[in-house]
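With the hints as a guide, bring the two chains together.
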Amino acid sequence: MLRIGVFVCHCGTNIAGTVDVKAVAETLGKEPAVVFSTDYPYMCSEAGQNIIKDAIKEYQLEGVVVCSCSPRMHEATFRKAVAAAGLNPYMLEVANIREQCSWIHKDMAEGTAKAIVLGRTAVAKVQLNAPLTAGESPVVKRALVIGGGIAGIQTALDIAEAGYPVDIVEKEPTIGGKMTQIDKTFPTLDCSSCILTPKMVECAQNENITIYSYSEVEAVTGFVGNFSVKIRRKARFVDEDKCTGCGACTEKCPVKNAPDAYNLGLSNRHAAYIPFAQAIPNVAVLDKERCIKLTKGKCGLCSTVCSAGAIDYEQQDSFVEEKYGAIVAATGYNPINIDGYDEFAYSQSKDVVTSLEFERILKADGPTEGHLARLSDGKQPKTIVFVQCVGSRESGSAHGCGKEYCSKICCMYTAKHAMLCREKYPDTDVYVFYIDVRTPGKNYDEFYRRAVEQYGVHYIKGMVGKVAPQADGTLDVQASDLISNEQLHVKADMVVLAAAIEPDKSARPLATMLTASMDTNDFFTEAHAKLRPVESPTAGVFLSGVCQGPKDIPETVAQAGAAASKVIGLLAKDKLSCNPCVAHSNEMKCNGCSSCANVCPYGAITYEDKDFSRRKDGTMMRRVASVNEAVCQGCGACTVACPSGAMDLKGFATSQIMAEVDAICK
Amino acid sequence: MADYKELVLTASGVNPLKCMRCGKCSGTCPSYDAMEYHPHQFVYMVEKGDIEKLMESKSIYTCLSCFACVERCPRDVEPAKLVEAVRLAVIRQQGKNHLKSEQIPDMVDEELPQQAIVSAFRKYSK
Numbered sequence: 000m001l002r003i004g005v006f007v008c009h010c011g012t013n014i015a016g017t018v019d020v021k022a023v024a025e026t027l028g029k030e031p032a033v034v035f036s037t038d039y040p041y042m043c044s045e046a047g048q049n050i051i052k053d054a055i056k057e058y059q060l061e062g063v064v065v066c067s068c069s070p071r072m073h074e075a076t077f078r079k080a081v082a083a084a085g086l087n088p089y090m091l092e093v094a095n096i097r098e099q100c101s102w103i104h105k106d107m108a109e110g111t112a113k114a115i116v117l118g119r120t121a122v123a124k125v126q127l128n129a130p131l132t133a134g135e136s137p138v139v140k141r142a143l144v145i146g147g148g149i150a151g152i153q154t155a156l157d158i159a160e161a162g163y164p165v166d167i168v169e170k171e172p173t174i175g176g177k178m179t180q181i182d183k184t185f186p187t188l189d190c191s192s193c194i195l196t197p198k199m200v201e202c203a204q205n206e207n208i209t210i211y212s213y214s215e216v217e218a219v220t221g222f223v224g225n226f227s228v229k230i231r232r233k234a235r236f237v238d239e240d241k242c243t244g245c246g247a248c249t250e251k252c253p254v255k256n257a258p259d260a261y262n263l264g265l266s267n268r269h270a271a272y273i274p275f276a277q278a279i280p281n282v283a284v285l286d287k288e289r290c291i292k293l294t295k296g297k298c299g300l301c302s303t304v305c306s307a308g309a310i311d312y313e314q315q316d317s318f319v320e321e322k323y324g325a326i327v328a329a330t331g332y333n334p335i336n337i338d339g340y341d342e343f344a345y346s347q348s349k350d351v352v353t354s355l356e357f358e359r360i361l362k363a364d365g366p367t368e369g370h371l372a373r374l375s376d377g378k379q380p381k382t383i384v385f386v387q388c389v390g391s392r393e394s395g396s397a398h399g400c401g402k403e404y405c406s407k408i409c410c411m412y413t414a415k416h417a418m419l420c421r422e423k424y425p426d427t428d429v430y431v432f433y434i435d436v437r438t439p440g441k442n443y444d445e446f447y448r449r450a451v452e453q454y455g456v457h458y459i460k461g462m463v464g465k466v467a468p469q470a471d472g473t474l475d476v477q478a479s480d481l482i483s484n485e486q487l488h489v490k491a492d493m494v495v496l497a498a499a500i501e502p503d504k505s506a507r508p509l510a511t512m513l514t515a516s517m518d519t520n521d522f523f524t525e526a527h528a529k530l531r532p533v534e535s536p537t538a539g540v541f542l543s544g545v546c547q548g549p550k551d552i553p554e555t556v557a558q559a560g561a562a563a564s565k566v567i568g569l570l571a572k573d574k575l576s577c578n579p580c581v582a583h584s585n586e587m588k589c590n591g592c593s594s595c596a597n598v599c600p601y602g603a604i605t606y607e608d609k610d611f612s613r614r615k616d617g618t619m620m621r622r623v624a625s626v627n628e629a630v631c632q633g634c635g636a637c638t639v640a641c642p643s644g645a646m647d648l649k650g651f652a653t654s655q656i657m658a659e660v661d662a663i664c665k
Numbered sequence: 000m001a002d003y004k005e006l007v008l009t010a011s012g013v014n015p016l017k018c019m020r021c022g023k024c025s026g027t028c029p030s031y032d033a034m035e036y037h038p039h040q041f042v043y044m045v046e047k048g049d050i051e052k053l054m055e056s057k058s059i060y061t062c063l064s065c066f067a068c069v070e071r072c073p074r075d076v077e078p079a080k081l082v083e084a085v086r087l088a089v090i091r092q093q094g095k096n097h098l099k100s101e102q103i104p105d106m107v108d109e110e111l112p113q114q115a116i117v118s119a120f121r122k123y124s125k
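As you go down the protein sequences, you meet chains A and B in turn.
The numbering of the first sequence is numbering that gives the first Met the number 0, which starts it at 0 and goes up by one.
The numbering of the second sequence is numbering that gives the first Met the number 0, which starts it at 0 and goes up by one.
The following block holds chain B by itself, in its conformation from the complex (with noise of 0.2 Å):
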């Protein structure tokens, strides 16, 4: 347990003792009601370690990765970094990369974006 939030903090890059709890992320956060646990929880689940049940919650998924917490909390902590690094924390845990190198060359097309392909490999990959 303790290595996951090793994993996420380390991965996020985010200290959620900078919180001091206002709750501004989920107050300004648009995909609130459906997320079983909300970006002030994410913070401080993290902190507490409890990263298994965030794992497991749908909550990584339906997070759009809009970033209005990370805009507009004062402390800056950064949440939806901790939501993405909770979904890394997933990935790795299921043993297997989900994109492998070797499917690259066939998928590409001239519009798609360099970009894409990095992030794709940091969503989808150990």
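Isolated chain A (complex conformation) (with noise of 0.2 Å):
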């Protein structure tokens, strides 16, 4: 029987107050095996663990158990100070008295006999537990960025600053994303594309970055240091590498009714385009639902006047596989489809716009080429209504579409368009009907406040009801205003309304192929919400701009730059090590079945043929598992589904569980 130290924390009150720690302490040094227990109020601190280094020495403890916080938050910690005091570092269990204990029990009573059980529990799992050492893995220098908006350029620029290679993955034909197709950015009014058109050409000519446009993420195997990506790069019938980006393709073509997804379908394109002016990479894609060639057979005009000869009708989709010692997952956000919201009119009146439209109507490259104008008649609007929270803050259930979350970008950028529309057309009244106005950052209220007081804008505090188009081709706007406590009626010419912004959708088929974790709202969760928000709690996988929450792009940014960081980290390390809790089979008792490759989700189980025999007649060959160390996670679903009880988890053993669970039920 191995000799156990008990450590129990108070946490200051946080377990202190709802355990009862001496009688914990006291307790557990009457188990058998426990040769020492005692109390502190801080174990985590400095003289916290000095006590339990002492004590492995004084008593020669064989195992240690810190009846704490979850091991989540300090089980490095103590690892770290067993080692010192000359321990295997895997000889430590934590008891989880705080989170699973003090946190959620009221009566003093109760908290201290489970905190006795959980303790109890730790000392018999530790008495079982062996000696591991943690293997090294390489560390693959190069990172992999999906999605190519201000957040993953922003990453990639950081990473191939400090020197390592890293690939941008980027569905559309061109980098840039939502920053190309806004006009101008709060707080400044500067001007987006000519803040954002540096840095994109700053990554087609930085060295250190390749730049795969229209391609998706196909697959991802690997882990932390060492992940294998396969990405594919869609056919876009122009090859890259021939294309001047000239333009004549797209000027000849004779597809002209294609919508323009670059105007979010306001205007049309044709079937032969380059996004927008200033596109990175500057190439040309067939559209292959629209192009005559493509789906008939005929025409060829493109092909004909293409004096580069880049054409190419034949090409195929075609795959890039590729090692990543990291990957930043930053796949950004769409505003959510508000068809369902029918008092609002979106699908009625052609007048009745997104915000994100309305970007594109204030932009000189937009459908109206930057003027103010109403798209049914094109006509200037004289009275303009914004609606805010349009699918924000809505419980789950009242449009079947809404949000619960607010989307943190539209109060600003609400604020400045109605500016904008203020300063340009000095004549046109505004108003914006609000529910709360929410302007937390630098300069940001004094933004806001600006377009009340200098501009004239009317905020009006209450929620527009009803958007009702009328005969003369106005809107009537019915709303309420709650603090003259009356039913107000704006006659209309154009209303904007602010949409709720929702994750991409790309981002859950990719959290699946990366096993990151996401929330219900389908954005990544982060490895902690407070002290660690730009990693996922997947080793490895980071997260960058608003595939983890909304954000405005100044925060985007600095996101951006610290997820890079987090990233040149791992790279400039030669190797990791890895975690030594891993399966391994018995292979006495393996049958070969392949019940737990099939399970194993990292592909970490492979079969080989083992020659078994013992005397000299006959051999005897047997198929049996064998586990690469390197690649397994200790996810323990092997253990599980193996039905001859072959595999077990090192640290995690079958025999190990069994002793928690007599220990709770004694």
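The set of hints was computed from the structure by calculation and includes no laboratory data.
As the structure is a prediction and not an experimental result, all values here were calculated from the model.
Every clue listed holds true.
Simulated crosslink set (PhoX-like; lysine-lysine; CA at most 20 Å straight-line):
(1) A:LYS229 - A:LYS170
(2) A:LYS402 - B:LYS17
(3) A:LYS574 - A:LYS322
(4) A:LYS322 - A:LYS229
(5) B:LYS52 - B:LYS4
(6) A:LYS460 - B:LYS17
In structure tokens form, the structure reads like this:
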């Protein structure tokens, strides 16, 4: 029987407030094999760690149990302390008497009794612990950034700047993302393209950066430091190396009725197109749904006008396979579909638009060439109504497509829109209906106040209940003014809806490929809400931009840089120590059935034929499972799947778990 | 007073604390100008326990029960159900049944939907 020491932490009053820590230490001290037991206010402090180290030496401890917070919080701390005193770090067990005990109980007697059970369970387990040694795995010094919006661009630039090669995978034909569609940026009102395009060009020119545009991640295997990724390069029917971006094909293409995604379908483009003038790469694409040659086999006009000979109607999707040490998700967002909001007449009237559509109307390369004009008749609107929180801050069941969260960016961009309208067209009446105006951020509230005080935008507290298109082409906006306790009717020429934003649809399947966790809204979950905001709980996967939660551009750029610094920190290492708590198979029990390999999410299990003959008469070859310890992540799925009990997990052996259950039931 | 609040909350099944005070109910209400207290005020006054003012107000009869406020509320608060519950509180306070079950056989004809009888009991009986 091993000599065990027990250390009970008060965590200030976090634990001691609902658990009688002295009684826990005393009771556990009477367990057989426990030769030392004590309590201390903060076991994770230097003084607390010294108590553990001193006790290991003084009482020749062979196993240590710390009753404290969750092992997610301080297991690494205590393992280091134990190792510093000469014990194998895996001879430590943490009993979680905070998150799973003191925080959820109110009654002292109940909490204390449970803490004792949890402590006793850890003592039972540590008896069966064996010293483990962590192996090492090499780090591939290359990063992958998925998504080429401002988040992905900034992350890639920062990683490349540090000297590491980085690849950007972007599903659209060009990088740049939403920021390319935006006219001006708050709170300084500088031109979005003017600040973005230099960064896009830098990506194209930086020799450490490879851009895979019009490409998607197809499969991901491997683990931190050593991911293998398969990238699908969608056929664009144009040879990227030959195309000069001259635009001759796009001008001559006879198809003119394809909805232009860059303008959110508010205008049409040709079937051969370059998304916009500053696209990176500046390479044409053929829309295979619309191109006459690709759909009907006729035409071929673009090929005849292309002096570079870049058009290739036979082009197929191709695949790139590459290894990476780190992966950054930067998949961004989209406005939600607001077709469900009949009360705002969005699908009935062309003059009811979303805020992103309004950006396109304001921007010089948009459908109205930057002139504020109604999409129905091209006339300049005299009265514009902005509606905030369309689909944000909604209970799940209200419209079926709303979001419970605040989309965060709408208050500021609506103030910006209102301000721009009043500045360029001072004879326009601008109303903003709001529930709350949320403007935390440097110079943000000042910006909003300027819209009210200097630009004379009418801010009205209350929600719009109904928008009704009238026979004369105007829109009757019926809304409440909560301050004056009136119901208003505004005769508007245009209504702009601040639609909620949601993560891009590609995020969910990507998260599955990366085994990275997501919340119920499909935002990626961070490893710690406060202290590890740019890391996924899955090692080697990092988060940049809105894929983690709603953010504006300054916040996105800050987070993108933070994600890059985490990636650089990882790639700077030559080797990573592996988790030694991995699976192994007992070859005498294994019958080679493949159950374990079928459930293994990491592809860590292979089979080999082994010679088990014991006498000289005849050989006995059997097929047995073999675990690649560098690939195994210790999830334990195989141990559950194995019908013969041959698979076991080091550090979490079936025998240890049974000992824990026995200790709880004692 | 507290009893009325309890009654209104129980009878309506509405939790006024879910309201985020956006005013969309009042923005959408077609009977707004005919009401002394508007839908968003109903929610807030019930939350404060100000039920007697509502019971004395004509607003509870000028509500059309069109349920537009219920349909469009982003937080599922259901203001129209509160109006209905206040009406019920008035009937109970008057202490008499405006509709007695003995009266029913004389009123029934083949055309009358059964649902109307059930609904009438809800509105006019304790």
